Every structure is written in structure tokens, then in C-alpha cells.
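A.B. asks: Here are the chains, one letter per residue:
There are 2 protein chains.
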Amino acid sequence: MSISDLLNNSFVRWMDAETGPESDIAISSRVRLARNLRMIPFPHLMTPEYGKKCIREINDAREKNEDKVLGALNTISFDQISVIDRQILVEKHLISPGHAEKSEFFRGLMVNEDGSLAIMVNEEDHLRIQCFLPGLQIKEAYSLVQQLDDALEKRLDFAFDERQGYLTSCPTNVGTGMRASVMLHLPAIALSGQTRIIFQNINQLGMTVRGLYGEGTEVVGNLFQLSNQITMGQTEEDIISNLSTIAIQIIEQERLMRGKLNKEMQYQLEDRIGRSYGVLTNARTLSSNEALNLLSDVRLGVDMGIINSIKRFVLNELIVAIRPAHLQKKSGKEMDAFSRDIERAKAVKEKLL
Amino acid sequence: MSISDLLNNSFVRWMDAETGPESDIAISSRVRLARNLRMIPFPHLMTPEYGKKCIREINDAREKNEDKVLGALNTISFDQISVIDRQILVEKHLISPGHAEKSEFFRGLMVNEDGSLAIMVNEEDHLRIQCFLPGLQIKEAYSLVQQLDDALEKRLDFAFDERQGYLTSCPTNVGTGMRASVMLHLPAIALSGQTRIIFQNINQLGMTVRGLYGEGTEVVGNLFQLSNQITMGQTEEDIISNLSTIAIQIIEQERLMRGKLNKEMQYQLEDRIGRSYGVLTNARTLSSNEALNLLSDVRLGVDMGIINSIKRFVLNELIVAIRPAHLQKKSGKEMDAFSRDIERAKAVKEKLL
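Chains Y and C supply the protein sequences, listed in that same order.
For the first sequence, our numbering gives the first residue as 268, with consecutive numbering after it.
For the second sequence, our numbering gives the first residue as 268, with consecutive numbering after it.
Rather than coming from a laboratory, the hints here were simulated on the basis of the structure.
A quick note: this is a predicted structure, and the numbers were derived from the prediction, not measured.
Warning: the hint list may mix true and false statements.
As the list makes no split between identical chains, a pair holds if one copy fits it or if it spans any two.
[Unchecked claim] Below, computed lysine-lysine pairings styled on DSSO-like, alpha-carbon distance capped at 27 Å: (1) K613 <-> K530; (2) K600 <-> K530; (3) K319 <-> K616; (4) K616 <-> K530; (5) K600 <-> K618.
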């Protein structure tokens, strides 16, 4: 996938539900490592001179290494692409909303063919090495970022302290520099009203839950992003293992609640799912939040065998395809919220019918 | 149409929208005349002996006359059919809810092949001669009941007073004994919030507005039954002419409001109609009132060319086919409200998809 493909199509690897374990509940897994180059100021203190030096070192590492994965990454510099294109990358979850805000030449993204491996360059840290996979694959994702990290470390001198671990721009990342997360679709837990209790327990285990677009974003469409809170005092392996265990427990709980719904409220469930499908495929305008909430019902219908005509990867694609930048990119023009709501309804119809 | 056809199929003449004038707004027209036989007590005071005499006289009049229309009427006696079957006749608008409540042998219905002409026997009066036509056809309906009335009057001695006119069981019917009504679908007037103002004016003109099933029933699905209030001091022709004029004025006002909606709120209108269609065709359970309200949106969509796949007569049939007795007759069993809601959703899908 070229950079242009990445910007013009909505599909990236994490959407490929057919290859993802537990993908009836786990949408995607992500692991990222924060890394910084020694002797270069952190991005928020970056000067043009250091910026050039930083980019040169990273490009050198990519070009001169012998690692196939690292060598295959394509590079986008944010002074070369539009605001809409940067938003496209945010909506695909490849970069953070904060990273998209500025267009300095030293900011950018390195990304492989299918969007499963990416490095944010000069976001909050010099490098944020990320892996995105479909379903519950935190261990697999960790193993892939580790490979990429190793390949980079052969050529780059990372800021590392024997006692503290990897040094990062924000103290909450110091240590492993790792954040691992899994996106879970939990409609039955949400319907049962147990969400709060479950997530209180999770916080006590050093984990946290966020919305679709990470820190500070609300939960919409019953999509909960479960991630580790702690980066010090635990090894990467422990964090990954804990997160996997908790994710599996939540997945089991969601399955239990789905079974209960199916048994005790079959008609009401089928009614709710049918109506949501009916509105999604017949509305003339749809807001983003309404669409995500209706898609949650339809996804539950697909997962429970109530709807058979829709593939899960289409629903994953839709999470992204209905976002503002994707809609505007597709239409080839800037649009106000009202026009986007109309285009969103069209896009949903196209994908679902 | 035999009596059995009438009870087993939902279609009757007034549903045939394609042949009804103004049928984008006027669903059906009805005219009825109340007539009583001299020397026989009114139905609420009826004895078995008088009951037999009454039925004999009416049957004689039907059999011995030379009028083709009168001769072609089939007869149902209410002691011969079930409660559900009597409810079927109520739901088709052929008899009043009150008439269906009792099963005495002298109560019944005489009805022609297509259900356009019918006589309720020993409802509140000995005879209630009725005509039902699709669209705005009050004059045509009056002309047909008049023919039937003339044919009956040749053989029967009606209670008539030179000064008061036809004598009836309830004083509000004395005089012409006539009630004429037209069922109007007024979603745009309802959306505009003008309903109350319009109907206040109508009351001052001696007309009244009721719900789908006449006196004491609420307005559902934006279906308003406009009828005359006064039966004395005006000729039949005046009443019919006034009602037609007022109906046409309301129809024009509804068209005006529809045009305005289309111009000023096109997307919202298409959105509302699309969603209602989506819910109707995908819900697993539907209450009667919800179905009628959603069908009102779909009908507006058909009338305004937003939905092209549905015929108006199907929507007319559905008004009746979704009612409790029709659902139970179709399923061949008694059902509670929850089961009926499920069967209703199925019936709607069958007719609309």
C-alpha cells in the first residue's frame, strides 16, 4: 500500500476481522513504544537544526539497516500533506489527534504496506513505534514492535537510563515507554449496566479504559479501549500478559451477558438490532455518534447470527469511513456538519446494502 | 365476494386507492342512513318476537324486490359468526364497534360483493344503510345509499314524521338520519401544528373530526375522520355538498403544507420517511399505534414520490391487516398483545417488502 492508497482507501490491516482472534468482541490490538534519541531535544523543544538532524538520523537508520520490515516503511512528512490527510491518519488510528495538529517538516509518519506497523516521528517523543493488528493479538503486536525496535536500536542511540529505563517526554511513559491497548466492543455489558463496576476493578489493576480515539475521548458505540496505565516497575512481558488476561476476562463476561440477552430477551434484542439496521440503511442524514451507536447494534446482530448479510470487516471499515475527514476526502470537498451527515448516511448505505 | 372471502381477506372496495379521487390525501368516503321500521320497537327494546318479525320483513324486502343491488346483498347473522369475525368486520369499518359486541340472532350485516354497500341490521337502528368508496367520493356514496334506500322503501314502511323527518333511536340522528364522512390523511398539517385551529373552525361549521374508528376513538397515524354533526334543518344534498367543500379545502391546505415541507425541510423529511420505512421493514415487534404512525410517514413518502416501491392500496390494506382480529384470523389462533406485536411486524414486512 503506497501512502496515497493509505490516504484514499479506508481499509488497513487492523480492520481485517476474519484473521483476528476473538474478533466477535475484540476489534483491534495496539502496542506502541516511546523512544527518543540521545542528545536531541524532545519534540516540544525542537529547533529546525535539531529537527533536520533528527530526521537525518532516523532516515539513515531506515535506509542503512538490513531489517526487511524497517526497510519497507514509507515516509510521510507532515509539511507535505494537507490537514484533511493528517486527519485521515488520525481516523485510521495510525497517529494521535495531537500529532495531526501541526505541520512542521520534522513531524511525520513511517508506515508499512498494510498499515500494521507505523512510527510516529516527533509526536510527543522522537519515535513512537506502533503495531496494529485485528482481534485480540496484544502479544503478537508486542513481538512485532519489538522487532522493529531492535532493528532501529542497531542504528540509533536511544535515551536510556539504567535505573529509570527509556526516557520519554512525558514522565508517565518513562520506563518501558510502552502502551498496549485492545479495542473491545461491549454492548451486552453496557446494556446490563455493569460497565462502571467492571472498569473500577480494572483501574485497581493498573489498567484504564478510554473511548474510540484514546485519552480524553468519550465512549461511543460501546467501543472501549482497554490499556495499561503503568509503564514503570513492570516488565513489558508482565504488562502484555496482564492486559491479555484482563481482556480475556472481559470478553468472557461480555459473551456471558450476550448469552443471557439471547435467552431472556430474544425478541427485544432482535427488535432493537432490526430497527437499528433499518434506520442505518434508510436514514437520509446520520450524525457520527448516532451512526456509531446504531453500528454497535448491527455488529451485535452480526456477532450473534441475527444478521448474516454483513461481514465484520465492513463494520470495522465503517467505524473509520464515517468520520469527517474520510467523508470529505471521498467527496473531494470540505463540508459542514449538515452536509457530512448526509454523506455519512450515503456511505453507510453503500457499505451495508 | 362471499361472506367467507370478506372475513378471510383484508381487501374491500374502499381500499382501492387507484380508483379514488384525491387519494393522496382522502383515504375513503362513507355515507350512512339510519332507518327504522314503523310498529317495531327500536333495537335496544327488541324482544325475540319483534326480532323475528323485523328480520322477516327485511329479508322479504331483499328477496321480493327487483333492485339488482339490494338483491345481491349477502346476509350474516351475528349468532352465526364468532367474536373475532365480528371484530374483523369492525376493523374493515363495515360495522361499528358497538354492533360487534352482541350476538343476538336479529343483529347482523347485509353486504355486497366488494364491501362497498352494507346494511347494519339492528345496530342502534333497525337499518343502517351504508356506502364506502375509496378517495373523496361523498357525493357518489350518497347517490348509492340513496338508490338502496329507495329500493328498500318500496317494500318497507319506514318510521317517518312529516315535521321531524326519519325517526331514529338516538335523537342526534333524527331528520335525515344521515352521517357522511371522509377519512383524511393529514401528516403535514399535523407536523405544522395547525390541527387544532383547523378543527375548531370545522366545529363551527357543523362538522366534527374523529379518529380512525369513529366516535370516541383517538386520532392515530394522522388519520382524521371528518363528518357532519347535524342531521336536522339541512337537506341531505346540503350536508353532502358542505362536507365535500370543507374536505377539499382541508385537502388543499394539506397539499400546501406538503409543498412547504418539501421546499424547506427536504432532507429532514426524507430522513424521517426513510427511518420510518426502515423501522417498519426491520422491526421484530410493532404495537398497533406505532405501526400506524410509521405507516403515516411511509404513506407521505409514497404520496410525495420519495418512496416509489409501494402502492397506496397496500397501505390501505395494512391499516386493517395490522389490527388484532385480522392478525388472529390470519394466524388461526387467539394471541396476547405481545404475540400480536410480533405477528404485526411480520405482516407489515410481508406487505411492504
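A.B. asks: Look at each hint and say if it fits the structure.
C.D. replies: Each hint tested on the structure:
In this homomeric assembly, K613 and K530 come within 27 Å of each other (Cα to Cα) only across copies, at 21 Å, whereas the closest approach inside a single copy is 35 Å. Taking the closest pair of Cα atoms, K600 and K530 come within 27 Å of each other only across two copies (25 Å); inside a single copy the shortest separation is 48 Å, beyond that limit. Taking the shortest Cα distances, K319 and K616 never come within 27 Å of each other, neither inside one copy (46 Å) nor across copies (65 Å). When the C-alpha separation of K616 and K530 is checked against a cutoff of 27 Å, the pair qualifies only between copies, where the shortest distance is 25 Å, while the shortest distance within a copy is 31 Å.
Proximity of K600 to K618 under the C-alpha cut-off of 27 Å is restricted to the intra-copy arrangement: shortest distance 21 Å within a copy versus 41 Å between copies.
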